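Visitor: If you're matching them up, the sequences are chains Y and H in order. Here the first sequence is numbered in UniProt numbering, starting from 1 and rising by one per residue. Here the second sequence is numbered in UniProt numbering, starting from 1 and rising by one per residue.
Which copy is meant is left open, because identical chains are indistinguishable; a pair holds if it fits in one copy or across any two.
Here are the computed lysine-lysine pairs in the DSSO-like style, where the Cα-Cα straight-line distance is at most 27 Å:
#1 Lys254 with Lys288
#2 Lys134 with Lys285
#3 Lys2 with Lys453
#4 Lys2 with Lys285
If you are wondering where the hints come from, they were derived from the structure by calculation, not from laboratory data. Computed from a predicted structure; not experimentally measured.
Here is what each chain is made of, one letter per residue.
Number of protein chains: 2
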Amino acid sequence: MKIGADLLCDTLLANGIDTCFANPGTSEMHFVAALDRQPAMRCVLGLFEGVVTGAADGYARMAEKPAATLLHLGPGLANGLANLHNARRAGSPMVNVVGDHATYHLELDAPLTSDIESLARPMSHWVGRADSPKMLDSTAEDAIRAACTAPGQIATLILPADASWGAAPAGDPVAITPPQPTAPEAARITQAATALRNGRNTTILISGKALRDAELDTLDRIAQSSGARLMAQQSNGRMMRGAGRIALDRVPYKVDLALATFAETEQVILIGAKAPVGFFAYPGKPGKMLPESCEVIDMADAGSDLPAAIAALADEFGVANSPAPRHASRAKPDMSGGALTPDAIAVALAHHMPDNAIVCDESVTSGRDFFRHTYGAAPHDFLQLTGGAIGVGMPLATGAAVACPDRKVITLQADGSGMYTVQALWTQAREELDVVTIVFANRRYQILHGELKDVGAGTAGRNASRMLDLDNPALDWVSLARGMGVEAASASTVEEFSDLLRAACQRRGPFLIEALI
Amino acid sequence: MKIGADLLCDTLLANGIDTCFANPGTSEMHFVAALDRQPAMRCVLGLFEGVVTGAADGYARMAEKPAATLLHLGPGLANGLANLHNARRAGSPMVNVVGDHATYHLELDAPLTSDIESLARPMSHWVGRADSPKMLDSTAEDAIRAACTAPGQIATLILPADASWGAAPAGDPVAITPPQPTAPEAARITQAATALRNGRNTTILISGKALRDAELDTLDRIAQSSGARLMAQQSNGRMMRGAGRIALDRVPYKVDLALATFAETEQVILIGAKAPVGFFAYPGKPGKMLPESCEVIDMADAGSDLPAAIAALADEFGVANSPAPRHASRAKPDMSGGALTPDAIAVALAHHMPDNAIVCDESVTSGRDFFRHTYGAAPHDFLQLTGGAIGVGMPLATGAAVACPDRKVITLQADGSGMYTVQALWTQAREELDVVTIVFANRRYQILHGELKDVGAGTAGRNASRMLDLDNPALDWVSLARGMGVEAASASTVEEFSDLLRAACQRRGPFLIEALI
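With the sequences and hints as input, model every part of the structure.
Guide: What follows is the structure, encoded as structure tokens:
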């Protein structure tokens, strides 16, 4: 007999969702049993739900389709919310299956009962509950449709245990027609094309699928012909960069730098991006990074068909006679020696990263040198922390490696943030994923020392230091990694680091380098 | 000039809240600076918010007053929700301070923006937002009043950055009058006393402050005189037990055992407890553990003054001529040798636990032998996982040790659950807390293998095993602990374990024993 859990599992598979990042509990046991009956579904265990949702995000960014997650009631979902927040900001599609008590058991208020809908809504675009096993195909289809709405959305399907174990109709689900992104709006394309000819100081600000190589080439030709500046949003889900591609900068994180970046800008054309705002508010500083007089032309928002919009802009503006895209040439900056610094790590990466690496960046302050040394590095995808909820780096890498088993994944990981979801290393070992993790071990929440000053709160005294410093005791990342089955080594000089990185890039499987900076 | 953050900090201190478990971010920097100006506030950093809220729970259970927590926006709160869920179920008081963007910055939808209220409500009894720095005393007082409402509640105060940094009135806050628990209701006391004389098969089911030694003595005298059975709820925030105290059993977790426990029960008198229900629903089994014909007398709910209610019952029922309370005598069961088992660990604990130890139990399946071997062990407090959200054990111990620096804390920690909030070990090292952690390393979610069968979903196949087993690779807890600055050793025989436990109980400071069972 087919049960609701089988129907859900079959509906996911019929729609190409064949990877499930999971940490189940009792209320999900029938769904677990259904997964047992469907070996086509790859199940990947995370030892904490923040790993589960962060991995599903990394998977979606690279596979360009949703993974499923399997989470245990309200608290299991709660543990995964921070990385759902990041995924939501990245525009990643995802279908979360959250188990709940059997419908008739809810009124008893058993210990694990909580209001799952209230928890899910802030980080989900769609929240639904399967009231009956018979509806699990249509409920799952609604979830998948929501998840696949451009640019990608978070769908959370609550699965009561009795909907999971109840009898379901026979028959095989078929794939739904996924929703199409919004077609480019002719008037807005015309407005942008006209603006590009008006001689004003112009920035084309882009994100989402505008950051793929072909679209970047087209946009660079438009930029050259128009004299506009091409720039990426501050945080982006995925960006193609390196040699043979356009060398692109992002809006700086620091408010003063961002304000300076746009001080002369008279108009901004947004393509999949939002008008830049401060990551945080600071006393006496503006929240909007554009001058008040700057005109904002919202050519195509994140839900649009960005490649089509960019092609339409190229047609309308005319790039037939424009120069070839300015591809970055292969370049390896000179390597220094001596004490290890974030700068030297970026240089070593420019030397040793293999072609088509996937770089997952949660290096926070320590990674600010990475961009300028790697415009001419081997071509790579660059995945960022998009929502500011720390603890995404190693989970993101885990999911990206599941999606792309033939590509090397490199994680740039700040130590404080890394501790949030350190359990991801175990999944990398379990799945034998090809991930090199570089931990920037500065032994403090370095960014917060800066922010304490920037908000005008002064320098850290005893209580503040005890909340911002991680040096007593120092974390030993080599031990932590080995504790989870990941080989690891420590480096405190450029030479040691470079040797370790080269070796790690030449072998397969997870490896962690603790970079003592 | 005094700012809002100072006013909040002063109001907390004026009300005896002098411990703040924290993981702050940029929006909390002015509150961090205020804490710097108030050295009377002890700030304890957790490297993940689940540690922060779990520690505040453990602190509250032992200190019998709230700690503050400091959390960073929606995602920081989200990371702490699972242990807030447990604290809510334990009846622990807590005041969470959750930073948010400056009020005028919210409309810009900066990357870290989310609906904090929606996230907070399911796990909070009270949620409030400080709209102005001038109101921070009254808003904080409302939060403290809510937290101190019996038996203890979760209050979540959202602190926008501009309320934190804005000018606040001078003057020193004074302590509020905390709300009193509900007085015993005479009619209900009479009803219970009458029922105790009617000769029916009776269970007195208790929780909360009924589980303290003096109240247990009184209740045992009532039980002896009436012939009623005295029993504790399945999960309890804190329970006094060991030699010189009443040997009490709890309602079993397993549904079949719980049903059998109450098969002959004709009436139940609830004192601070709830009528027992299944932790989960199982196909074909009832959700309520009492027979349908069983009468339930709700003598005093969790919000009542339980010691007063118990005293009133003793008066009304009359215990003047009843026998003395049946105190458990000191007893150490015989110690076996050879391979280490959960049973042998319980026996070793009965031998080596020092007087007044605090036992924090998240041993899940492995701890089911603990009770029967330790009725006559050294007197101790027993703290449980109350809400079923795993990952509370080591944080709970951390907070209990902060509250009671002169008592030995012992954590009984299942390995799968332990990985959820493994970062707690670092805080134990940083604060030099006197905690012995025993990890039951069975290398699987053992409980779920049983639940898979119990819900009728069969035995684990390949996909299920990959989600329920932790043996590939095996976690190395000694490395994990050392990676966070905690000394550790591994034991696979009873002799090794007993030696390590004795030594750990005779020294001060954090130590972890990996028990290979």
